[in-house]
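Chemist: Starting from the two chains in their separate frames, assemble the complex, guided by the hints.
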Amino acid sequence: MSYAVSTSITVQQGLLGRVPPLWWAIALLLVAMPMIASNFVLFQIFGWTFILGMISLSLMFLAGYGGMVSLIQMTVGALAGYLVAILGTSGVPTISLGWPWWLYIPAAIIVAALFGTLVGALAVRTEGIYTIMITLAIASAFFYFTRQNYGLFNGYTGFNNVVPPALFGIDWRQPAPFYYLTLACASLAYFAVVYVSRSPFGLALQGVRDNPRRMSALGFSVTAHRILAYTFSSVIAAVGGILLVWQNAQVSPGTAGIPQVIDILVIAVVGGIKRPIGPFIGALIYVLLRVYSPDVLLAFGLSGERFKLLIGLGFLVIVFFSPDGVLGLWEKFKARRAKQADPLRMGRP
Amino acid sequence: MTLIETRPPASQKSPIQKPASRNTAERLSSVSSGNALELRGVTKLFGALAAISDVTLTVRPGERRAVLGSNGAGKTTLFNCVTGDFLPTSGTIRLFGEDVTDFPAHERIRRGLRRTYQISLLFGGLTVADNVYLACCGVSRGRFSLLRPRISDVLVARATELIEAVHLTPARDTLVANLSYGQQRQLEIALALAGAPRFILFDEPAAGLSPTERSELVSILTNLPGHIGFIIIEHDMDVALRVAESVTMMHNGLVFKEGTPEEIENDAEVQELYLGDGRG
Numbered sequence: 001m002s003y004a005v006s007t008s009i010t011v012q013q014g015l016l017g018r019v020p021p022l023w024w025a026i027a028l029l030l031v032a033m034p035m036i037a038s039n040f041v042l043f044q045i046f047g048w049t050f051i052l053g054m055i056s057l058s059l060m061f062l063a064g065y066g067g068m069v070s071l072i073q074m075t076v077g078a079l080a081g082y083l084v085a086i087l088g089t090s091g092v093p094t095i096s097l098g099w100p101w102w103l104y105i106p107a108a109i110i111v112a113a114l115f116g117t118l119v120g121a122l123a124v125r126t127e128g129i130y131t132i133m134i135t136l137a138i139a140s141a142f143f144y145f146t147r148q149n150y151g152l153f154n155g156y157t158g159f160n161n162v163v164p165p166a167l168f169g170i171d172w173r174q175p176a177p178f179y180y181l182t183l184a185c186a187s188l189a190y191f192a193v194v195y196v197s198r199s200p201f202g203l204a205l206q207g208v209r210d211n212p213r214r215m216s217a218l219g220f221s222v223t224a225h226r227i228l229a230y231t232f233s234s235v236i237a238a239v240g241g242i243l244l245v246w247q248n249a250q251v252s253p254g255t256a257g258i259p260q261v262i263d264i265l266v267i268a269v270v271g272g273i274k275r276p277i278g279p280f281i282g283a284l285i286y287v288l289l290r291v292y293s294p295d296v297l298l299a300f301g302l303s304g305e306r307f308k309l310l311i312g313l314g315f316l317v318i319v320f321f322s323p324d325g326v327l328g329l330w331e332k333f334k335a336r337r338a339k340q341a342d343p344l345r346m347g348r349p
Numbered sequence: 350m351t352l353i354e355t356r357p358p359a360s361q362k363s364p365i366q367k368p369a370s371r372n373t374a375e376r377l378s379s380v381s382s383g384n385a386l387e388l389r390g391v392t393k394l395f396g397a398l399a400a401i402s403d404v405t406l407t408v409r410p411g412e413r414r415a416v417l418g419s420n421g422a423g424k425t426t427l428f429n430c431v432t433g434d435f436l437p438t439s440g441t442i443r444l445f446g447e448d449v450t451d452f453p454a455h456e457r458i459r460r461g462l463r464r465t466y467q468i469s470l471l472f473g474g475l476t477v478a479d480n481v482y483l484a485c486c487g488v489s490r491g492r493f494s495l496l497r498p499r500i501s502d503v504l505v506a507r508a509t510e511l512i513e514a515v516h517l518t519p520a521r522d523t524l525v526a527n528l529s530y531g532q533q534r535q536l537e538i539a540l541a542l543a544g545a546p547r548f549i550l551f552d553e554p555a556a557g558l559s560p561t562e563r564s565e566l567v568s569i570l571t572n573l574p575g576h577i578g579f580i581i582i583e584h585d586m587d588v589a590l591r592v593a594e595s596v597t598m599m600h601n602g603l604v605f606k607e608g609t610p611e612e613i614e615n616d617a618e619v620q621e622l623y624l625g626d627g628r629g
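Chains as they are written, first to last, in this note's numbering: chain A, 1 to 349; chain B, 350 to 629.
One chain only, chain B, in its complex shape (with noise of 0.2 Å):
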């Protein structure tokens, strides 16, 4: 399987596609302000196992990149981290320079931080549209809102186009509970949409999707408008390294390693710890 045949063709070419290569130098020095996200030497503890150690990041806006490592090296509790699930041991976060390490997770989604879940929480007794509708309202002024929405609404409006970019027009009205399995990682999305994103974390989007859903998400990954950065958790390379630009390998809790997704893939050490056998 090669990798680079699986690139998305020059027609699907998007305003977001960014040139890849930089050198890694600049990509690891901090620039204070500027940047999407920054951690710096970001620990999580559970106990005395350390599911993350001195972890320093950086992402500019609008830069996607992928987090590869096999399991249990961390790559969704540095997730948890970001959004605030769980605080960190030790280490700072920044969010679009401000300090956000001691922030409740809901004040760093309303500073434009969205994610999505590798097992898909979603509210399974409402319906897609009152999901979406939801995710809407969780970021609007309107969240305590006692009225009900009216159709001119504009927060349904946004859901409604919403709902359509995860291609779910058709079961806008199922009980989430009744959608199928892929439906679910659609909707995933669409709530990860929901508001004005900045920045989205992607939580293994393409775990357990058919070859026709996994092309559906790329498409939908790389037609995000360009001011969008994300970090992608992927196991699937097909996915990974087609919507992301650079690529962080993450091993035994540690930052392993950081480069272009070419460089990542030819690199000895990556392919003998992660694309080592069965991938070859």
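Just chain A, with the same shape it has in the complex (with noise of 0.2 Å):
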């Protein structure tokens, strides 16, 4: 299978040249959002979204580029939240280290980086299906011991009141701040995966998607770039999970629940996982799905807690006409509308 990736290595225009005016304007939106939406857009929906979009690049980078569907990336994440709480403060003292905030954010990132590069270790000696069910199996293990773990990870209820350093003296808990902190975490993800994207790293990764025999036959060791890939998707998958952890506040055995594993896929194929976009737009839908599904159903007189059904409709729909997700649709689209507009067909069908 070949994706159809590049604009060439050595073309590099500026910066202005190259990025399409909707580009900009999305940007302008986003940075000017605050001043538009309510404190529940910003906070419930915006801020949601970026994170789950987080946590989907990260998988989006391993199966889209890499070709390995890892269903650990939220499991990272949550191992994140987990030592932020522990390392830091949180509700439960008698187990929080109280460490600032310096030390206890990076030691959190490389601690689950590793353990992302750990399980990557074991899952890329198999392909396809194999991979998801080792990274599932690790996945379900890890729940089942942070619920049953007291000393460490305080079992069924986890740590509550896990929330950001106050610093430069900001609440970062508060709906516009919380908005840009996870508007920067997220475009800087998405940024650094676009630009990895065409490095060495990045093309070597590609390569070894689409074959690695030759991939080894240039000299490239095709185990130690699908391991490293599983190092880099852990980074960005355990920043959205501290941030996910501060939004909730909470981290719990449930943070990384089955669902959650799940749900994180569901997103990243929804968006589509060929570009580094996808995965927000899947989170984005997701997010508008679970927070506004409930008054729908009860609108037609359903039960709001039927919301799931909503998803996995759409879900359903999405594939079945898409396998690429929105973007693959949304490529349709434009494909179907630059077909009608050709000039020799004289504007018939």
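Quick caveat, the hints were computed from the structure, so don't treat them as lab data.
Among the hints, erroneous ones may be present.
Derived Cβ-Cβ restraints for the label pairs, each shown as a range [what the hints assert, rightly or not]:
id: 1; chain 1: A; residue 1: Leu122; chain 2: B; residue 2: Pro453; range: 11 to 21 Å
id: 2; chain 1: A; residue 1: Phe333; chain 2: B; residue 2: Pro453; range: 40 to 50 Å
id: 3; chain 1: B; residue 1: Asn527; chain 2: A; residue 2: Phe321; range: 19 to 29 Å
id: 4; chain 1: A; residue 1: Pro323; chain 2: B; residue 2: His584; range: 38 to 48 Å
id: 5; chain 1: B; residue 1: Gly396; chain 2: A; residue 2: Phe321; range: 39 to 49 Å
Just so we're clear, the structure is a prediction, and the values are computed from it rather than from any experiment.
Ideal Cβ positions, reconstructed from N, Cα and C, are used throughout, including at glycine.
Modeler: Shown next as structure tokens:
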């Protein structure tokens, strides 16, 4: 399988010339959002979208560029969240160590990345459905372990009152600061993935996806490349996980329960795993459905708890019409429009 | 069709053209070090089928060898064992004096071995420039770099040279999936030339090429720097015997005969087996 990815390595134009106006408009809108949107929309809709988008982006990097479908991303994020609670401060002072933020944040990211790397090292020796099974097995093991371990993970209850440090005297859990925090992290992760996809490492990863045998015949260690892809994606998942824990102000086994683990996959697939923007589109759809579907269901006289039904139906419809997710639908639509505009056919269909 | 006539004219002679006659005993005696490639008793079984059995072969640095044989003679299996795509069932493989029998493919490549594939194995979703650039990265320290290359990058410059060497400059920004078959074959060669190759395995590089493309291929091969040796599998005698200075005939997984192109060409058994009917 080969994906159309590239503009050539040496073709590097100015940033202004390369980015279409639509993107500038979206960027401007996102920056100006706190002036238009309500606090609920900022914190609950966009904050959550950016966070889930980041964790799904880490899956998109592995699946889209590396051809590896990993179900461990949510678990890596949850581990980072747990570490922030354990190493930093939380509502469980008997366990939390109370380290300063400049120590516990990097430590949490590094340990979570090491964990992701270790899982990768086990998973990359398998392909396809077996990768999914191994990562799902480890994710389940993590869920049950955290639920039963009280010494470190505080069992069923987990940790409450896990909040971001009051850096620069700002309460980062207020809607507007939290919006900008998640927006900044998500943009950074997005541009990092876009940038790395054209670096030697990213190109080689796509080479490994398309043709592992040829890659080793060019001197690349296929296994090492795949494992390092897990490391890179784990860093993004870890940052996303920390933000998620800060948003909820708590972390518990349910943060990375099996439904949550699967949701990350659903978000990535619904959005589209071929391009880094896909997971964010998927996350927005997911969050909108999660937040508003109870209202819709109640309006039809159904129980609000059945929101998963709507998500499931939405997932089915999108995957049925476009295996490439919403991005694929958009590309189909563009292709059709371009066809209709064909001047040689005089507007006939 | 006479093979002698199709040899390159004197004007095309490059420094790598070596005297083609050496006595067979000398070539077969294996000098343990100083050989580019040395196979001893290499056997590869697929189930009960011996794709190659007890192959012993020595190639000096800079030597250009053609491996001939009918379909199923074991030529490509031989290549796969040498590059590490398969591990041989038994026997040893030494590359520049070092025992690489158990090495993974990428470790052998980093020691200067290269290969091309019979059916092009390229990255269809990437451009020509990206394909060659990747090949240059594979054997360099920057292969894990997260930084994008600059235009001034040595590897980018090297990639540009290689693209020119295989006459693909006009197509450098074309997606490989959109290249013609002949261009893909040329790109295969560019990938094999990346880095600092010392020994290359060409697996039927001329298969499916037009006559013009074939003569381009011959000029690319004969103009390779003298220190680069190669083994070429080729059914087209015009190509094989013009670029090679020694020939190994394989048949049913065994080395059947070794000699200079003239010796092989005039060998009665070989003629019967291979050059036979349609070729006479």
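Chemist: Take the hints in turn and mark each one as holding or not.
Modeler: Now for the hints, and whether the structure bears them out:
Evaluation of the 11 to 21 Å hint for Leu122 of chain A and Pro453 of chain B yields a pass: the beta carbon distance comes to about 19 Å. Distance hint for Phe333 of chain A and Pro453 of chain B: a CB-CB separation of about 46 Å, consistent with the stated range 40 to 50 Å. Checked against the given bound of 19 to 29 Å, the beta carbons of Asn527 of chain B and Phe321 of chain A, roughly 28 Å apart, stay inside it. Between Pro323 of chain A and His584 of chain B the Cβ separation comes to about 41 Å, which falls inside the hinted range of 38 to 48 Å.
At roughly 45 Å, the beta-carbon separation of Gly396 of chain B and Phe321 of chain A lies within the given 39 to 49 Å, and the hint holds.
Comparing the model with each earlier hint shows no violations; every hint is respected.
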